[in-house]
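1 is the number of the first residue of the sequence shown in our numbering; add one for each residue after it.
Worth double-checking, as some hints may not be accurate.
Unchecked claim - Pairwise CB distance ranges, derived in the manner of DEER restraints: (1) Glu9 with Asn92: 19 to 29 Å; (2) Asn61 with Glu9: 15 to 25 Å; (3) Glu9 with Phe93: 22 to 32 Å.
What the hints assert, rightly or not - Taking lysine to aspartate or glutamate and the DMTMM-like style, the derived pairs with C-alpha atoms no more than 20 Å apart in a straight line are: (4) Lys96 with Asp24; (5) Lys2 with Asp41; (6) Lys86 with Glu104; (7) Lys86 with Glu52; (8) Lys32 with Glu10; (9) Lys105 with Asp41; (10) Lys32 with Glu52; (11) Lys55 with Asp88; (12) Lys32 with Glu5; (13) Lys55 with Asp24; (14) Lys32 with Glu68; (15) Lys2 with Asp24; (16) Lys32 with Glu9.
Rather than coming from a laboratory, the hints here were simulated on the basis of the structure. Beta carbons: idealized from backbone N, C-alpha and C, even for Gly.
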Amino acid sequence: SKFGEYGFEEGRFNFPNDLTVRTDGTLLVVEKSQNRMQLFDREGNFIRAISEFGKRDGQFNCPMAVVEDPYGFVFVMDTLNHRLQKFDPDLNFVAKWGSIGNEEKQFYNPSGLCLSWEPDWAPTDE
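Build the full structure now, drawing on both the sequences and the hints.
Given below as structure tokens:
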């Protein structure tokens, strides 16, 4: 099945680029052009959005990837802020990692994210 329509308002999509199905069946969708993460129920009904542009904790600048770990924590690759952000199961900001660069624990335009079941994560960048 499908859900959603083109648009800029919450509950609509403008360049969605990644999603994850959470263990409770809800869907998280990140949109790079809207700098937001949206939560939908199993039927595709909009629940809420985290959609503030910026570089402070919990804000986004081109989020490109989203995954959930086995404990319900959500990780978002915040590409143009060159960092990975972690949110608790209720989608409250918890932590962040990374800065711009090519050294250890630094990223340059990270665009993907893979999570193993250990749990451990592996970001990808340019």
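To see whether the hints hold, each was checked on the structure:
no.: 1; hint: Glu9 with Asn92: 19 to 29 Å; verdict: holds, 23 Å
no.: 2; hint: Asn61 with Glu9: 15 to 25 Å; verdict: holds, 20 Å
no.: 3; hint: Glu9 with Phe93: 22 to 32 Å; verdict: holds, 24 Å
no.: 4; hint: Lys96 with Asp24; verdict: violated, 24 Å
no.: 5; hint: Lys2 with Asp41; verdict: holds, 13 Å
no.: 6; hint: Lys86 with Glu104; verdict: holds, 19 Å
no.: 7; hint: Lys86 with Glu52; verdict: holds, 16 Å
no.: 8; hint: Lys32 with Glu10; verdict: holds, 14 Å
no.: 9; hint: Lys105 with Asp41; verdict: violated, 34 Å
no.: 10; hint: Lys32 with Glu52; verdict: holds, 12 Å
no.: 11; hint: Lys55 with Asp88; verdict: holds, 19 Å
no.: 12; hint: Lys32 with Glu5; verdict: holds, 16 Å
no.: 13; hint: Lys55 with Asp24; verdict: violated, 29 Å
no.: 14; hint: Lys32 with Glu68; verdict: holds, 18 Å
no.: 15; hint: Lys2 with Asp24; verdict: holds, 19 Å
no.: 16; hint: Lys32 with Glu9; verdict: holds, 14 Å
Consistency note: the structure conflicts with the earlier hints numbered 4, 9, 13.
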